[in-house]
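Participant: Residue numbers (the working numbering), protein chains in the order written: chain A, 545 to 665; chain R, 2 to 507.
In short, the hints are calculated from the structure, not lab data.
Where hints are given, some of them may not hold.
As the list claims (entries may be wrong) - Label pairs and their computed distance ranges (CB to CB):
id, chain 1, residue 1, chain 2, residue 2, range
1, R, Ile137, A, Arg575, 55 to 65 Å
2, R, Leu113, A, Val606, 45 to 55 Å
3, A, Arg549, R, Asp104, 27 to 37 Å
4, A, Leu628, R, Trp74, 48 to 58 Å
5, R, Ile137, A, Gln551, 47 to 57 Å
6, A, Thr657, R, Pro99, 35 to 45 Å
7, R, Ser333, A, Arg549, 53 to 63 Å
8, A, Gln551, R, Pro99, 20 to 30 Å
9, R, Ile60, A, Gln551, 28 to 38 Å
10, A, Arg549, R, Gly256, 46 to 56 Å
11, A, Ala632, R, Gly134, 53 to 63 Å
12, A, Gln551, R, Trp74, 45 to 55 Å
13, A, Glu574, R, Leu113, 20 to 30 Å
14, R, Pro72, A, Val606, 31 to 41 Å
Stated by the list, open to error - Quick partial rundown of chain R residues pointing at chain A, CB under 10 Å, derived from the structure:
id, residue
15, Ile26
16, Gly29
17, Pro31
18, Met32
19, Cys57
20, Glu59
21, Arg64
22, Lys65
23, Thr67
What the hints assert, rightly or not - Some chain A residues flagged as far from chain R (calculated, every beta-carbon gap over 12 Å):
id, residue
24, Ile579
25, Lys619
26, His634
27, Ser655
Quantities reported herein were computed from a predicted structural model and do not represent experimental measurements.
Backbone N, C-alpha and C fix where the C-beta goes; we use that ideal spot for every residue, glycine too.
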Amino acid sequence: MQRKRNQRTGAFGEEVVSQYLISQCAEIVERNWRIREGEIDIIALYPSGIFAFIEVKTRSSVAFGHPFEAINREKAHRMQRLALGWLATHGCLGCEYQIDVAAVLIAADGSHTIEYRAGVL
Amino acid sequence: MSLAHTQSIALLGLDGHLVTVEVDIADGLPMYSLLGLPDAALSESRDRVRAAIVNCAEIWPNRKVTVSLSPAWLPKSGSSFDLAICIAILSAHETIAPDSISDVVFLGELALDGRIRSVRGVLPALIAAKKSGIKIAVVPTANYQEAKLMQGVEIIAMGHVKQVLRWLRTGEREIADEIDLDWQPSDELLDFADVAGQPQARLAAEIAATGGHHILLIGPPGAGKTMIAERIPTILPTLTITQALEVTAVHSIAGSFVSRSPTSLIAPIVSPHHTTTRVAMVGGGAHVIKPGACSLAHHGVLFIDEAPECPSGVLDSLRQPLEAGTITIARSIGNVTFPAQFLLVLAANPCPCGKFTGRGRNCTCSSQQVRRYLGRLSGPLMDRIDMRVQVDPVGRVDMARTDLGESSADIRARVIAARKVASERFSDYNWSLNSQIPSRALRTVFQPQRDAMNFLHDELDKEHITARGLHKIIRVSWTLADIKGHGVPTLDDVQMAHTLRGGSEL
Numbered sequence: 545m546q547r548k549r550n551q552r553t554g555a556f557g558e559e560v561v562s563q564y565l566i567s568q569c570a571e572i573v574e575r576n577w578r579i580r581e582g583e584i585d586i587i588a589l590y591p592s593g594i595f596a597f598i599e600v601k602t603r604s605s606v607a608f609g610h611p612f613e614a615i616n617r618e619k620a621h622r623m624q625r626l627a628l629g630w631l632a633t634h635g636c637l638g639c640e641y642q643i644d645v646a647a648v649l650i651a652a653d654g655s656h657t658i659e660y661r662a663g664v665l
Numbered sequence: 002m003s004l005a006h007t008q009s010i011a012l013l014g015l016d017g018h019l020v021t022v023e024v025d026i027a028d029g030l031p032m033y034s035l036l037g038l039p040d041a042a043l044s045e046s047r048d049r050v051r052a053a054i055v056n057c058a059e060i061w062p063n064r065k066v067t068v069s070l071s072p073a074w075l076p077k078s079g080s081s082f083d084l085a086i087c088i089a090i091l092s093a094h095e096t097i098a099p100d101s102i103s104d105v106v107f108l109g110e111l112a113l114d115g116r117i118r119s120v121r122g123v124l125p126a127l128i129a130a131k132k133s134g135i136k137i138a139v140v141p142t143a144n145y146q147e148a149k150l151m152q153g154v155e156i157i158a159m160g161h162v163k164q165v166l167r168w169l170r171t172g173e174r175e176i177a178d179e180i181d182l183d184w185q186p187s188d189e190l191l192d193f194a195d196v197a198g199q200p201q202a203r204l205a206a207e208i209a210a211t212g213g214h215h216i217l218l219i220g221p222p223g224a225g226k227t228m229i230a231e232r233i234p235t236i237l238p239t240l241t242i243t244q245a246l247e248v249t250a251v252h253s254i255a256g257s258f259v260s261r262s263p264t265s266l267i268a269p270i271v272s273p274h275h276t277t278t279r280v281a282m283v284g285g286g287a288h289v290i291k292p293g294a295c296s297l298a299h300h301g302v303l304f305i306d307e308a309p310e311c312p313s314g315v316l317d318s319l320r321q322p323l324e325a326g327t328i329t330i331a332r333s334i335g336n337v338t339f340p341a342q343f344l345l346v347l348a349a350n351p352c353p354c355g356k357f358t359g360r361g362r363n364c365t366c367s368s369q370q371v372r373r374y375l376g377r378l379s380g381p382l383m384d385r386i387d388m389r390v391q392v393d394p395v396g397r398v399d400m401a402r403t404d405l406g407e408s409s410a411d412i413r414a415r416v417i418a419a420r421k422v423a424s425e426r427f428s429d430y431n432w433s434l435n436s437q438i439p440s441r442a443l444r445t446v447f448q449p450q451r452d453a454m455n456f457l458h459d460e461l462d463k464e465h466i467t468a469r470g471l472h473k474i475i476r477v478s479w480t481l482a483d484i485k486g487h488g489v490p491t492l493d494d495v496q497m498a499h500t501l502r503g504g505s506e507l
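If we strip away everything but chain A, and leave its shape as in the complex, we get (with noise of 0.2 Å):
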């Protein structure tokens, strides 16, 4: 029950990232990439050519700290691998590319906001 709610909560926050992105003029490439080692949560091509390769973290309170909080150093250098692997299957390694990670905080009152932070390592 719990699970689901979060899966829930994590799947409303991605969705309101991404709608953040086309805002941008960004194109979603892929949602929810997922291979062994791992998951991307959006795949984007920005109109400059660039892929961002974004983990979005979503919280309904702040009670367990800051959602970037939860984004060590060890989880950032697995999204570098992972953007890696996809870039590879899909015949862009070379491509110019960078890791994003947005953070979506949904208040009480079901209203949200997003922190984005483009380019984190």
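Based on these hints, arrange chain R on the given structure of chain A.
Facilitator: For chain R alone, coordinates are given in the frame of chain A:
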């Protein structure tokens, strides 16, 4: 702008360096890096600062925080940078105007709830701050008394980060109570009036206090050696303000204000146990170089009870500071010089069982043991001791007397008068105590009367004394002459000094 800087002080021994604490907050994943060779306690500042900021209802920046302590090559240690880091982070986060803190020195350790805790070395840090042209310093309330000794820097005592923030944002602050700097010696618990009898040891203590002559008290347990030694600070003149600042600075580094008030004008006494190590005696340490017992006794008395029980080497480590008046400690992080001008008072039993006095009837030691025991005090060290005084067991006559001996105040008055005579005599020279007269000056300008010199030369011929011993005797005889009001040491003074030296070479 997400860049801010403020000031703090890094201490290496007594030398302070102004350290600029810079904070940059950049976009990126939440991260905190502290640059500038921090030690373990300083690296932990991150968690203290963060908890303090959050618990003061301020916002911790969930970004990439880089804290740089410059100069970067200087190793930094301790928790005293907490406050400066905290304030710089909040300023970089644009909650404090950056100009208000860029020329202020912040010292203090943070508690998790934002209270500011006391730190070591506030006075030496402020001395360095003043030298660097700093006008305002924020110190923990608990260190206010010590900090107030520093003239020429505005001292702001703060007990909580919230107070600091209110001051920086609105200019309001509670004025801390003015500390009474009366510089008066507090009431003395010890007094020479407590000592029964012991005329010779009393005289020796007075001479030691007057001329700065080092002294060895030899006597059986219970005769009063420790009593006498502990009371020597009570007959020393009170410290001058310059001396008191030096003493307080050293004690501040050691963090030893539990036993001594920072505003005390009384000469310190330090009595390390005879099991003490060399490092504890002269100072040392790998990360923070702390002063040892001989520096804590600066301008005061270093009293070592049961001196022959000291491990070999510990007492001999005092030879160099005895000679130089300072001690330089070399470690990988740097060289540190502490002052170490002290009056050395050693106490010893005459033999391992302690009963070899008078006729030595109750002594159970073999003659070889007796000889060996005091022989543990090395020759070169004993050579620096001017007086070796027998403290005999108190007899029934002295114990039965109801009138008390002379009080410390009376003796101190004589000591001050005699020191004044000496310092006037030495006004043209760069020393002020009789024990500091160089031997060259002793043979030329400061000779005792002729018959006294003849006596000494005879003793030298008979090989009862050495050339070095001769000089020591003359120095003590000058102090005796000062006490008695003789212009130049007489034969009497010299003979007395000869007796006090213990006659033969030990």
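Participant: With reference to the structure, classify each hint as holding or not holding.
Facilitator: Here's how the hints hold up against the structure:
{"no.": "1", "hint": "Ile137/R / Arg575/A: 55 to 65 Å", "in the structure": "holds, 56 Å"}
{"no.": "2", "hint": "Leu113/R / Val606/A: 45 to 55 Å", "in the structure": "violated, 19 Å"}
{"no.": "3", "hint": "Arg549/A / Asp104/R: 27 to 37 Å", "in the structure": "violated, 53 Å"}
{"no.": "4", "hint": "Leu628/A / Trp74/R: 48 to 58 Å", "in the structure": "violated, 38 Å"}
{"no.": "5", "hint": "Ile137/R / Gln551/A: 47 to 57 Å", "in the structure": "holds, 56 Å"}
{"no.": "6", "hint": "Thr657/A / Pro99/R: 35 to 45 Å", "in the structure": "violated, 28 Å"}
{"no.": "7", "hint": "Ser333/R / Arg549/A: 53 to 63 Å", "in the structure": "holds, 57 Å"}
{"no.": "8", "hint": "Gln551/A / Pro99/R: 20 to 30 Å", "in the structure": "violated, 45 Å"}
{"no.": "9", "hint": "Ile60/R / Gln551/A: 28 to 38 Å", "in the structure": "holds, 31 Å"}
{"no.": "10", "hint": "Arg549/A / Gly256/R: 46 to 56 Å", "in the structure": "holds, 54 Å"}
{"no.": "11", "hint": "Ala632/A / Gly134/R: 53 to 63 Å", "in the structure": "holds, 59 Å"}
{"no.": "12", "hint": "Gln551/A / Trp74/R: 45 to 55 Å", "in the structure": "holds, 52 Å"}
{"no.": "13", "hint": "Glu574/A / Leu113/R: 20 to 30 Å", "in the structure": "violated, 45 Å"}
{"no.": "14", "hint": "Pro72/R / Val606/A: 31 to 41 Å", "in the structure": "holds, 38 Å"}
{"no.": "15", "hint": "Ile26", "in the structure": "violated, 13 Å"}
{"no.": "16", "hint": "Gly29", "in the structure": "holds, 5 Å"}
{"no.": "17", "hint": "Pro31", "in the structure": "holds, 5 Å"}
{"no.": "18", "hint": "Met32", "in the structure": "holds, 8 Å"}
{"no.": "19", "hint": "Cys57", "in the structure": "violated, 17 Å"}
{"no.": "20", "hint": "Glu59", "in the structure": "violated, 15 Å"}
{"no.": "21", "hint": "Arg64", "in the structure": "holds, 8 Å"}
{"no.": "22", "hint": "Lys65", "in the structure": "holds, 8 Å"}
{"no.": "23", "hint": "Thr67", "in the structure": "violated, 15 Å"}
{"no.": "24", "hint": "Ile579", "in the structure": "holds, 23 Å"}
{"no.": "25", "hint": "Lys619", "in the structure": "violated, 9 Å"}
{"no.": "26", "hint": "His634", "in the structure": "holds, 26 Å"}
{"no.": "27", "hint": "Ser655", "in the structure": "holds, 20 Å"}
Against the hints set out earlier in the document, violations occur for numbers 2, 3, 4, 6, 8, 13, 15, 19, 20, 23 and 25.
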